[in-house]
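Number of protein chains: 2
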Amino acid sequence: MKKIIDPWGSGLLEDYGRIVKDFGLELFNPDLFPNPNRLMRRGVVFAGRDLEIISNCIKEKKKFYVLSGIMPSYEKIHLGNKMVVENIRYFQEHGAVSYVLVADLEAAATRGVSLEEAQKTALDFHIPAYVALGLDIKKTNFYFQSENKEVMNRAYEFAKKITLNEFKAIYGSAEPGKIMSAVVQVADILFPQFKERMPGIIPVGVDQDPHIRLTRDIVNRMKKKGFFLPSGLYHKYAPSLNGTLKMSKSNPESCIELPEDIQQVCRKIKKAKTGGRDTLEEHRKLGAKIEEDMVFELLKQHLVEDDEELDKIYMEYKSGKMTSGEIKDIACEKMAKFMNDFVKKTEKARKQTDKLKFIRFK
Amino acid sequence: MKKIIDPWGSGLLEDYGRIVKDFGLELFNPDLFPNPNRLMRRGVVFAGRDLEIISNCIKEKKKFYVLSGIMPSYEKIHLGNKMVVENIRYFQEHGAVSYVLVADLEAAATRGVSLEEAQKTALDFHIPAYVALGLDIKKTNFYFQSENKEVMNRAYEFAKKITLNEFKAIYGSAEPGKIMSAVVQVADILFPQFKERMPGIIPVGVDQDPHIRLTRDIVNRMKKKGFFLPSGLYHKYAPSLNGTLKMSKSNPESCIELPEDIQQVCRKIKKAKTGGRDTLEEHRKLGAKIEEDMVFELLKQHLVEDDEELDKIYMEYKSGKMTSGEIKDIACEKMAKFMNDFVKKTEKARKQTDKLKFIRFK
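Quick mapping for you: the protein sequence lines, in order, are chains A and B.
Heads up: the first sequence is residues 1 to 362, going by this note's numbering.
Heads up: the second sequence is residues 1 to 362, going by this note's numbering.
Keep in mind that the hints are not guaranteed to be accurate.
The list makes no distinction among identical chains, and a pair is therefore deemed to hold if it is satisfied within one copy or across any two copies.
Straight-line Cα separation of at most 30 Å, DSSO-like style, residue types lysine-lysine; simulated pairs [stated by the list, open to error]:
#, residue 1, residue 2
1, K76, K225
2, K268, K285
3, K225, K120
4, K149, K225
5, K246, K160
6, K138, K355
7, K246, K161
In short, the hints are calculated from the structure, not lab data.
Bound-form chain A, shown alone (with noise of 0.2 Å):
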């Protein structure tokens, strides 16, 4: 395998740097997984727990799960979610099980919508946008949470097995909707293991490592039930078009939803912060300072698969012979061809749910 390492970081390493002390995970190493990902290649997957627990199932061709969870609230997902898709399709194709779980609990009880609402939702928009976006539907199990009684009557076990001072010691705060979000989200988690015992992998942003510590410590307490300890898989934030840490749709001008007007995301595109000098001369001499430019991020992370065609951009960006404009245009042509692509594949996977293979319940 060609090795690679991350050539083309970003400014935000020094964050990610503190989150991995801080949080006590391992760096992510490319060479523990056959063929990686762009997500991996390039660093944007960063981190993990127990990443040779996988690595040695997709090795040694054990048995293994990768789950995640759609959270249907209203009909848009973002590039968090385009990244744990890729992730999920990854391990997909290198043997895992697969579940994808509708919090449509999660839903109805913070978003105001039924469970009904959730549930189509789901259908109508989440899942063929998943599938447009790589998930394999023939290789997924899903279900709705609400459905799920073993998850519910876990949860309530898993419960008693945390202290009010430890649930604060990982979320910060402990209120009683949070501390039932948070002990479901553990059942989901280990579901896969209720009735075969198992590793597992759980892709997610690595604001959601909480929720991955919370069930270690949880397995942790109940050792004679031979759960195996969730590994985890933590990619980067999306770039953050304004150059803070995390899009937030509280800030819209620094986020892009998919699906979006392309019109208004190429607007936001060309508002974004890069790393251009002040002047084309300076520009031309100094080069850009990429490792601020969250349209060089953009592409690195989104629209450029290509390791040599983005290798041939950074260099050409950061020799000042590329400008800030010009690489604003590449990432709105290229934006622009996803959008559609995306839109079109959704269309098309809506037409296959009845092909979804649903767990159901007694």
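Fit chain B to the known structure of chain A by using the hints.
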């Protein structure tokens, strides 16, 4: 209706007065209910919440429900359960739709039994014992907590309606397991209203009032949903044989279990705290301090159904004509008859569990 103001009050009244004040309860008024049962007539049922609503339902033949739960850990119940059953029976006879849930989740999470074991214990013992004590199975709808996903799903929603501080204010503390139990109990209490909103009454020992209070707080927080505030009916603790406020299993000498070997029960009764005087001479002269007498309390609460018979014992004991040895003999004899009867009826009811109406969930 013959008006009876608890003529046989016990020395614990002061404690109960404080409870009524601290919890903001209403004092129980037997005038509200037609043909009050023994516990209501004698002030053993001493307080409640929103009792007039239930009184009106009975008088105007409006639909309402009574609900209670069974905690099936091991094959014993106690006199507190007996009081609950007698009060359920009262409301069953006065038109209530009746629900008894089996808290198998709680038993599994806190007592280390499996759900299957908990369910089996409920079917083999608790439900037959409840029938032996008067539960009308023809009028009772049963369900297993672990099978009622509607309850779990609503519990998830309800958890979001309270803050940690509110929870602490009601329960004194707030561990995750306690929060989980409590919100599931809230959902159990409201379950009969999920399909059809109606008033309901929950007969419990007064120590269970926090659950009623939490439920009422959550209902108030969700006014749009139109739930009726559940009413509460509170009975005193069963007489602790050594004179403390509450029987406790950690002090077996204070406590009578159902069933329990009658020799052993009589031995405890013989050692019980009475209001008898130090010498026979003194006793004949001053009479018993009945308000401190746990054996009389046992007769009053549980063993003497007929008011005139109790009145006679009261007068003779209070006047000193009857000694504490004699009242203990009466109690032993009546307890032997009760226990014998209970065991036989439980055995008989065990053969009728095929007649139980269990709610089935999709």
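Do the hints match the structure? See the list:
1. K76 with K225: Between copies only: 28 Å across chains, 39 Å inside a chain, cut-off 30 Å.
2. K268 with K285: within (27 Å within a copy, 98 Å between copies)
3. K225 with K120: between (36 Å within a copy, 22 Å between copies)
4. K149 with K225: both (19 Å within a copy, 24 Å between copies)
5. K246 with K160: Between copies, since 26 Å is at most 30 Å while 34 Å is not.
6. K138 with K355: within (8 Å within a copy, 45 Å between copies)
7. K246 with K161: Between copies only: 29 Å across chains, 33 Å inside a chain, cut-off 30 Å.
Of the hints listed earlier, there is not a single one the structure fails to meet.
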